[in-house]
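*Asks:* What follows is the residue order along each chain.
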Amino acid sequence: MINSRFFNRSELIGFLSLLLLLAVILPLFLDVFRLNLVAKYLTYAFVAIGLVMCWGYGGILSLGQGVFFGLGGYCMAMFLKLEASSVENTKIQSTPGIPDFMDWNQITSLPMFWKPFHSLPLTIIAILVVPTLLAFIIGAAMFKRRVGGVYFAIITQAIAAIATILIIGQQGYTGGINGMTDLRTLNGWDIRTDHAKVILYFFEVFVLFACIIAAQFIRLTKLGRILVAMREQEDRVRFSGYSVANFKIFAFCAAAMFAAIGGAMFTLQIGFMSPSFVGIVPSIEMVIYTAVGGRMSIFGAVYGTLLVNYAKTMLSESFPELWLFGLGGLFIAVVLFFPNGLSGIWRDHVARHVDRLFAMRSSASRKAWASKSVADGAPAE
Amino acid sequence: MFGDYSIGDLGAIFAMQGFAGLILFSVYVLMALGLAIIFGQMGVINMAHGEFMILGAYVTWMTSSFFQSHLPSLFSGYFFVAMILAFIASGSLGMLVEWGLIRHLYKRPLDTLLATWGLSLILQQAYRSVFGAREVGVELPQWMMGSKQVTDTIEVPINGIFVMCLTLAITMVVAWIMFKSRWGKQVRAVVQNRVMAGAVGINTEKVDRYTFGLGCGIAGIAGSAFTMIGSTGPTSGQLYIVDTFLVVVFGGAASLFGTIASAFTISQAQSTMEFFMSGSMAKVLTLLTIVAILMIRPQGLFALKVRK
Numbered sequence: 001m002i003n004s005r006f007f008n009r010s011e012l013i014g015f016l017s018l019l020l021l022l023a024v025i026l027p028l029f030l031d032v033f034r035l036n037l038v039a040k041y042l043t044y045a046f047v048a049i050g051l052v053m054c055w056g057y058g059g060i061l062s063l064g065q066g067v068f069f070g071l072g073g074y075c076m077a078m079f080l081k082l083e084a085s086s087v088e089n090t091k092i093q094s095t096p097g098i099p100d101f102m103d104w105n106q107i108t109s110l111p112m113f114w115k116p117f118h119s120l121p122l123t124i125i126a127i128l129v130v131p132t133l134l135a136f137i138i139g140a141a142m143f144k145r146r147v148g149g150v151y152f153a154i155i156t157q158a159i160a161a162i163a164t165i166l167i168i169g170q171q172g173y174t175g176g177i178n179g180m181t182d183l184r185t186l187n188g189w190d191i192r193t194d195h196a197k198v199i200l201y202f203f204e205v206f207v208l209f210a211c212i213i214a215a216q217f218i219r220l221t222k223l224g225r226i227l228v229a230m231r232e233q234e235d236r237v238r239f240s241g242y243s244v245a246n247f248k249i250f251a252f253c254a255a256a257m258f259a260a261i262g263g264a265m266f267t268l269q270i271g272f273m274s275p276s277f278v279g280i281v282p283s284i285e286m287v288i289y290t291a292v293g294g295r296m297s298i299f300g301a302v303y304g305t306l307l308v309n310y311a312k313t314m315l316s317e318s319f320p321e322l323w324l325f326g327l328g329g330l331f332i333a334v335v336l337f338f339p340n341g342l343s344g345i346w347r348d349h350v351a352r353h354v355d356r357l358f359a360m361r362s363s364a365s366r367k368a369w370a371s372k373s374v375a376d377g378a379p380a381e
Numbered sequence: 382m383f384g385d386y387s388i389g390d391l392g393a394i395f396a397m398q399g400f401a402g403l404i405l406f407s408v409y410v411l412m413a414l415g416l417a418i419i420f421g422q423m424g425v426i427n428m429a430h431g432e433f434m435i436l437g438a439y440v441t442w443m444t445s446s447f448f449q450s451h452l453p454s455l456f457s458g459y460f461f462v463a464m465i466l467a468f469i470a471s472g473s474l475g476m477l478v479e480w481g482l483i484r485h486l487y488k489r490p491l492d493t494l495l496a497t498w499g500l501s502l503i504l505q506q507a508y509r510s511v512f513g514a515r516e517v518g519v520e521l522p523q524w525m526m527g528s529k530q531v532t533d534t535i536e537v538p539i540n541g542i543f544v545m546c547l548t549l550a551i552t553m554v555v556a557w558i559m560f561k562s563r564w565g566k567q568v569r570a571v572v573q574n575r576v577m578a579g580a581v582g583i584n585t586e587k588v589d590r591y592t593f594g595l596g597c598g599i600a601g602i603a604g605s606a607f608t609m610i611g612s613t614g615p616t617s618g619q620l621y622i623v624d625t626f627l628v629v630v631f632g633g634a635a636s637l638f639g640t641i642a643s644a645f646t647i648s649q650a651q652s653t654m655e656f657f658m659s660g661s662m663a664k665v666l667t668l669l670t671i672v673a674i675l676m677i678r679p680q681g682l683f684a685l686k687v688r689k
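Listed in order, the protein sequences are those of chains U and G.
So in the working numbering, the last spot in the first sequence is 381, and the numbers never skip.
So in the working numbering, the last spot in the second sequence is 689, and the numbers never skip.
By construction, these hints were calculated from the structure, which means they are not laboratory data.
The reader is advised that the hints may include incorrect statements.
[Stated by the list, open to error] Simulated pairs of lysine to aspartate or glutamate, EDC-like, Cα-Cα distance not exceeding 20 Å: (1) G:K488 <-> U:E234; (2) G:K488 <-> U:E317; (3) G:K488 <-> U:E321; (4) G:K529 <-> G:D390.
[To be verified] Here are some chain U residues the structure puts well away from chain G; computed CB gaps all over 10 Å: (5) F136; (6) L186; (7) D194; (8) R219.
Beta carbons: idealized from backbone N, C-alpha and C, even for Gly.
Please take these sequences and the hints and turn them into a complete structure.
*Replies:* Listed below in structure tokens is the structure:
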């Protein structure tokens, strides 16, 4: 159903209820510690939204989203780390003014690629541009040669492995396996206080909704429709004269940029960044958030991320042994029984009743329109 | 860099590094053979392959403990019993998985990837619950310990030689099964054209199940051999899975010969470079090179030309 409006009714309900949940209900009822946990989960939601575009719409499964998440996070962490290791703070080091892990690894001057991260505007540009550029290089190399499907998945996974080994191996430049810790202030503003955490939470929700709207915008344009068409029948789209590779590259780059924003938010919220958020395991976990929420649904991805992470925290707090069984079972169950995830369940079983409710309330003059939309099932993609 | 070494020393170092590479090559080949059958022939991405390997390793460990406590007189030969048990254990688990999980997903290869990843998480946790989180190592029988002096400066460990001979034997058996036996012919027929193979009377479902079982069984043997040169923990399998997939893809997914060639290239490249730089950088460089080559030549080294 081609809809000229930005959100159709069920999407508007989804948007408003998510906004209500994240911006009103959760901050009202959770203490700062739990709110900070939600903020951590939401950073993964950025990745999940990116995956909806690239995997759900474009059919490109990337198992390397952790790399982009990590790149964004590391860019942010480098800025914060430089600010935290001012000359006064690092007087006891043999070379004051450089991050502590560099000092431990006998590095005496700041490496060139660290220099731009003295400035916040350059850092923000780096967060947005560096991961996107990497995605562009990978995407251009692969999609132009028509590498896709499982090969793309395996190669992106290899890239995730390479990134982890590189970060851990280059301890002096990256902080190694411990990552970048002890981050304190953002332009002089202490990010560790409860007050700062709440403000950052609202900022994050704001950015998340900006990303949701951007993703929705992309989906509704011709570009989004070509992406879906490409997923279904790549050859037909190619024969119609579209450059399939360019559209794939775009989707992959957009997903990378979303992931990077999420990573930067993660660093701000949690106060550190480490290779354990970059490698194969976190990357594939991010895919499962999307799969659980529904790979076709932007809102579903956000809910899926929240739910899986909530379950993870709950289970690993009380039954650490069960968590991996639960996560593994979830993977299998989602793939075998609910390929469309939560949003698929919602659409098949709940949305119809919601629509009927609206149909009863709508005025007689609009009755015909409403009943038609019931018949359509009002897809809540 | 070479100034401190004499020519003879350098030769010895290269020979030893080359031999270390050959051991790595054996592990890669054993793991990749099973994966090449499953991924190359059936198109299924089995992320739990490493866990099937570890199952073989744990079976070997249990067998060795059993022989140690109950049949100490036969201890020197336990490995051959363990290998067969490992093959049976991994192979039957593989067939069970094929029946319960994989067979529903043949049309959605990306989803098999996710589902088998879930399976690998479950298996890892199961190993952790049953065998404990600590790594276990088997006790080698007397004849496998020590090393053989080739020249004054070069010596090679006997367990390494044994693993290599084992790899050679298993590769030959697999090659015979796939290319000479009637069953292998059926497998290749199903790969090339499933519908036609079914039409001429091949039970494609049965072929699928046994193929998957065979691939997993070989992974079990790989795990068995793996205990000879390293210790086994619940997550050891995951360390090798990405490398192994790269080996298979780099070699050309459907070609067994390509798999062996690429395993050789990758392992030799890695162990030679380890001499010049740190282990992690050697690995990064090797993986990056493979990824770069795959971007230029996505079909891998040896591509099988099949008209679809």
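*Asks:* Confirm or reject each hint.
*Replies:* Do the hints match the structure? See the list:
no. : hint              : in the structure
1   : G:K488 <-> U:E234 : 16 Å, holds
2   : G:K488 <-> U:E317 : 38 Å, violated
3   : G:K488 <-> U:E321 : 33 Å, violated
4   : G:K529 <-> G:D390 : 18 Å, holds
5   : F136              : 13 Å, holds
6   : L186              : 32 Å, holds
7   : D194              : 35 Å, holds
8   : R219              : 21 Å, holds
Going down the numbered hints, you'll see the structure goes against 2 and 3, while the others check out.
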